[in-house]
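Asker: If you're matching them up, the sequences are chains E and D in order.
Taking this note's numbering, the leading residue of the first sequence gets 1, the next gets one more, and so forth.
Taking this note's numbering, the leading residue of the second sequence gets 117, the next gets one more, and so forth.
A hint or two may mislead.
As the list claims (entries may be wrong) - The following label-pair restraints were derived from C-beta to C-beta distances: (1) E:Ser70 / D:Ala170: 28 to 34 Å; (2) D:Glu187 / E:Ile12: 44 to 50 Å; (3) D:Ala117 / E:Lys57: 16 to 22 Å; (4) E:Gly98 / D:Ala169: 36 to 42 Å; (5) E:Gln18 / D:His198: 39 to 45 Å; (6) E:Phe69 / D:Glu131: 44 to 50 Å; (7) E:Thr20 / D:Ala170: 41 to 47 Å; (8) E:Thr38 / D:Ala117: 18 to 24 Å; (9) D:Lys174 / E:Gly98: 41 to 47 Å; (10) D:Ala117 / E:Ser102: 23 to 29 Å; (11) E:Gln41 / D:Glu131: 30 to 36 Å; (12) D:Asn177 / E:Thr5: 40 to 46 Å; (13) E:Ser79 / D:Ser144: 15 to 21 Å.
The hints are simulated quantities; they were obtained by calculation from the structure and are not laboratory data.
Note that beta-carbon positions come from the ideal geometry of N, C-alpha and C, so glycine has one too.
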Amino acid sequence: KAGVTQTPRYLIKTRGQQVTLSCSPISGHRSVSWYQQTPGQGLQFLFEYFSETQRNKGNFPGRFSGRQFSNSRSEMNVSTLELGDSALYLCASSLVIGGAVSDTQYFGPGTRLTVL
Amino acid sequence: AQSVTQLDSHVSVSEGTPVLLRCNYSSSYSPSLFWYVQHPNKGLQLLLKYTSAATLVKGINGFEAEFKKSETSFHLTKPSAHMSDAAEYFCVVRTYYSSASKIIFGSGTRLSIRP
Numbered sequence: 001k002a003g004v005t006q007t008p009r010y011l012i013k014t015r016g017q018q019v020t021l022s023c024s025p026i027s028g029h030r031s032v033s034w035y036q037q038t039p040g041q042g043l044q045f046l047f048e049y050f051s052e053t054q055r056n057k058g059n060f061p062g063r064f065s066g067r068q069f070s071n072s073r074s075e076m077n078v079s080t081l082e083l084g085d086s087a088l089y090l091c092a093s094s095l096v097i098g099g100a101v102s103d104t105q106y107f108g109p110g111t112r113l114t115v116l
Numbered sequence: 117a118q119s120v121t122q123l124d125s126h127v128s129v130s131e132g133t134p135v136l137l138r139c140n141y142s143s144s145y146s147p148s149l150f151w152y153v154q155h156p157n158k159g160l161q162l163l164l165k166y167t168s169a170a171t172l173v174k175g176i177n178g179f180e181a182e183f184k185k186s187e188t189s190f191h192l193t194k195p196s197a198h199m200s201d202a203a204e205y206f207c208v209v210r211t212y213y214s215s216a217s218k219i220i221f222g223s224g225t226r227l228s229i230r231p
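All chains, please: the whole structure from these sequences, using the hints.
Answerer: Structure, rendered in structure tokens:
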């Protein structure tokens with residue numbers, strides 16, 4: 001079974017631009033979460049989606065947004081990029097059993113975003 | 117309030133010797149606890165998780181962790197280190213309340229293995 005895939009793997013943007021990252025969960029997984037990893041702040045939770053609805057949200061500004069499609073694939077968007085948005089963005093997928101999201105997450109390799 | 121503290125930012129051991137990576141947590145609710153490993157330029161891989169069953173949890177690659185409620189600790193151990201264990205390790209706390217959950221990652225411990 002294929003793992004979580006994220007595209008693109010590497011991205012370079014300039015300040016003020018916007019960016020869209022994509023995540024395809026493991027087949028059968030219906031919950032997708034996003035995380036930001038930086039050397040200074042470590043790993044921080046961005047948001048979680050299940051059934052095309054945002055279920056949880058971390059403490060990030062409104063420039064960070066996401067969505068989930070009916071096939072469980074998810075995208076996250078960052079508008080008006082700032083230098084501090086440079087990070088590894090990780091996506092994780094989970095099974096949903098009986099309406100409850102499993103707490104076991106499977107991570108993708110991440111998208112490395114560099115903002116110049 | 118919820119927090120997780122990994123007590124060592126870097127641990128170095130010789131190949132074949134035991135590994136101990138320390139994690140303390142605090143949570144207002146009964147948490148689920150996890151250890152993940154991240155190899156360079158890779159995503160996170162689940163090593164093991166604790167969810168209020170047995171306090172000694174066995175994971176992959178010979179790792180195990182013991183949940184000690186009285187000490188609020190969830191330390192990760194391995195009897196004999198292998199060169200391939202060199203990586204970053206993260207202790208994670210997840211708490212469920214109402215219809216939401218909160219997840220917090222520790223700051224990570226970099227494990228180096230000396231030949």
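Asker: A separate judgement is required for each hint: does it hold in the structure or not?
Answerer: Hints versus structure:
1. In this structure the hint that E:Ser70 and D:Ala170 lie 28 to 34 Å apart at CB is violated, the actual value being about 39 Å.
2. Restraint check, D:Glu187 to E:Ile12: a C-beta distance of roughly 46 Å satisfies the suggested window 44 to 50 Å.
3. In this structure the supplied range 16 to 22 Å holds for D:Ala117 paired with E:Lys57, their Cβ-Cβ distance being about 19 Å.
4. Taking 36 to 42 Å as the suggested C-beta distance range, the pair E:Gly98 and D:Ala169 does not conform, at roughly 19 Å.
5. Roughly 44 Å separates the CB atoms of E:Gln18 and D:His198, a value that falls within the hinted 39 to 45 Å.
6. Distance hint for E:Phe69 and D:Glu131: a CB-CB separation of about 46 Å, consistent with the stated range 44 to 50 Å.
7. Here the CB-CB span from E:Thr20 to D:Ala170 is close to 43 Å, well matched to the stated 41 to 47 Å.
8. Roughly 23 Å separates the CB atoms of E:Thr38 and D:Ala117, a value that falls within the hinted 18 to 24 Å.
9. For D:Lys174 paired with E:Gly98, a C-beta distance near 26 Å fails the hint of 41 to 47 Å.
10. With their beta carbons about 25 Å apart, D:Ala117 and E:Ser102 fall inside the hinted range of 23 to 29 Å.
11. Between E:Gln41 and D:Glu131 the beta carbon distance is about 33 Å. The supplied range of 30 to 36 Å therefore holds.
12. Between D:Asn177 and E:Thr5 the beta carbons are some 24 Å apart, a value that contradicts the proposed interval 40 to 46 Å.
13. Between E:Ser79 and D:Ser144 the C-beta distance comes to about 35 Å, which lies outside the given range of 15 to 21 Å.
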